[in-house]
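Enquirer: So the chains spell out like this:
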Amino acid sequence: MEQLTEVFLTEAADQLDALEDALLALEREPQDTATIHTAFRAAHTIKGSSGMADAHAVSAFTHAVENVLDLMRDGRQVPEPDLITLLLQCTDHMHALVDAFAGGNELDGRLQAAGESLGQRLHPWLTPADAADATPAAASSATAGSAHPPAPAGNASDCWHVSLRMGAEIFQRGVDPVRLIRYLGTLGELVRVVTIDDDLPELDDMDAELSYLGFEIDVRGQLDAGTIEEVFAFVRGDCELTITPPRLCADATPAVEAETPPVQATLAPKADSGNAPRPHGARDHLRVDADKLDKLMDLVGELVIAGAAASALSARKRDAELTEALHVVSRRIEELRESAMQMRMVEIGATFNRFQRVVRDLSHELGKDIELLTTGGETELDKSVVEQISDPLMHLVRNSIDHGIEPAELRRQRGKLARGQVTLAACHEGGGIVIQIRDDGGGLNTDRILAKAIERKLVPANATLGETEIHQLIFEPGFSTADQVTALSGRGVGMDVVRRNIQALRGTVTVDSRAGEGCIFTIRLPLTLAIIDGFRVGVGDAHFVIPLEIVGECIRLTERDSGCAYMTLHGEMLPYVRLRNLFDVMADTRPQVENVVVVQHAGRKVGLVVEHLYGEMQAVIKPMGRLFNHIQGLAGSILLGSGEIALFLDVPALLRGVDEAERAETLVTSHPTRRQA
Amino acid sequence: MSHLSLPPELRIDDVAELQKVLLEAVQVHGCLTVEAADVCEIDLAGVQLLIAFQRARSALGAETVWQAPSATLVSALDLMGLLPMFGLEPQGETH
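Going down the list, the protein sequences come from chains S and R.
Those letters in the first sequence? Residues 1 to 677, by my numbering.
Those letters in the second sequence? Residues 1 to 95, by my numbering.
Isolated chain S, as found in the complex (with noise of 0.2 Å):
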């Protein structure tokens, strides 16, 4: 039953959010009958598969969940806000019972009286259902080929009935019908079960492990085809099940079996039940431990690093064959780098709908009206990728909804529409991924961040900084310029630790801002942690790589420029480091010819000196190790197929130290006193 369980949880965890969404698209769009639909459709699927997994709290639970949103479909219930932000709530008390499950563990007192406390709220929105009282039929007798005697008589007038023969193999496959059986009769009431053994064969004959057994069920209660059809989804393609609607099984009593009736939903194994919800994820997608594409990548990388070693030996022993041959293992290898990566690659739209639900209720909280508009959700980034980012967005989501967007009131005095837009874009660039959070309110107060940052003495009082400057103060540690510590944001930890889980994924954040206007933060991701395209240049014996994406163009330093820290290039001054004095690398000789490597990153240039050009790789990124921590612009190692090590180039932390550089000369320019000491 493990499986199950884990069928469920990870269902559980799809129809959630999709409840969640639904609801919120019908918070904005209450006449929407499909988003009923959708919304009822996740929950009537999350309460059938709790139930079979056992997880009885949960389909209890979202039973209420799922009878509210069912009088909605019919009609008899709006979508009020009230009722949204209820049902709102119920999800995410369904998420924490989901949780506790998981967990195995009990429901807690809290979670308990949490429980009860919704389901008393949810009551009122419950019109009493309509009676369910049936007209007294005549009694049905068993006549199912068995030679059991007949059940307690039942009235199958107002039953359905539901006849299953199991497939042999059923129990293999890890499932139990005994426990599909039980959960159909918390759904209705069982009134005849018959356990058809007419194929069962002699004690000695049979094959215990396989399944010869039958049943035909009598059940009555609130149900519908779809309903019954669920408690039997996880077997569908293993049985034949036939489910007869009530008063169908009256006309054709007593024929218990009903081979042929009129009209009936028979639902064949493997036949598409018309408008009944697949399961999900039976299409045509099929779901993959993460670990496991984890496993291939590793194994990739490791194929990556001996197809490198195998090509350089053949380079070195001059054989043509064995070289061409080696060619187009590495052409194949490439290839299957490519699709592994594509394999991990999720789409961030389903990241940025989760801030639907942080937009809005943050928002009735601050009581400010704000929408949520989402772009280029489809843009595809590596998994590993999308999970880290999402604490960092959601900072600055909160961020924006707190400090960016002003009152109602003052955007109305501005000029402004009332209700504040924060939106949330992605798209490709160069390589990578950029991701904005854009709100049009107020935008950064300058002047405030520039008092505060010198109060907190991270700039000298005298300091003349640009404006641009300034605005990324915001991301120094230990910053915060709430004049009101909030429950949401500003509390000193922040902007900071934005920015260093974002360097963590090699990647960076910047701050647009225009007064009065509003804000854009920019963060720029590589599309993928794990193995790269790279350019490899050597200083002395040292190897470099460097993402190849980045790299602009190579050029010879002239002796002319040799001197200084800039030089020009298409009529520009292009400031340049010596990766030889940046790594202190200890060479005997001064090199005869040295290169510029020009690498650009997030609209800037820098020029990168090395002495020797061995060309483009693909690169497997391994991690320093703490001991390394400390140096700045090495973001990694990479074994070369010769066996020596190379460093991965940290381009973003290099432009970075360019950058402090340059303003620690601008500063000691403005202190003549400081440079003279």
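These are calculated hints, taken from the structure and not from any lab test.
None of these values were measured; they are calculated from a predicted model.
Note that CB positions come from ideal geometry on N, CA and C, so glycine has one too.
Hints may be right or wrong, so weigh each one.
[What the hints assert, rightly or not] To give an idea of the chain R side of the interface with chain S (calculated C-beta under 10 Å), a few residues: (1) Pro8; (2) Ala16; (3) Leu18; (4) Leu22; (5) Ala45; (6) Val47; (7) Phe53; (8) Met80; (9) Leu82; (10) Met85; (11) Leu88.
Following the hints, put chain R in place on chain S, whose structure we already have.
Expert: Frame of chain S, contents of chain R only:
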């Protein structure tokens, strides 16, 4: 009169072993008492095996007494409408 004790677990993983035991027990002449108080886990594979056993006993005209069946067993048989086949009565409680 002979005795047979059912193990606590009668599930898909246990049925192959149990089938051997039951095959011998079918041959017992006269009344056989099946001690069923220990059964705490049973799935449909287990129930199916018991049905086959009970049918085989009945076919031989041999009496079988299900002694002190556990609540788990009674509940499972009751759910499937099988109590009369085993000469058992529903218990007050289920689950």
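Enquirer: Now, for every hint given, state plainly whether the structure supports it.
Expert: Evaluation of the provided hints:
no., hint, verdict
1, Pro8, "violated (17 Å)"
2, Ala16, "holds (6 Å)"
3, Leu18, "holds (7 Å)"
4, Leu22, "holds (6 Å)"
5, Ala45, "holds (5 Å)"
6, Val47, "holds (7 Å)"
7, Phe53, "holds (6 Å)"
8, Met80, "holds (5 Å)"
9, Leu82, "holds (6 Å)"
10, Met85, "holds (5 Å)"
11, Leu88, "violated (13 Å)"
Going through the hint list in order, the structure does not satisfy hints 1, 11.
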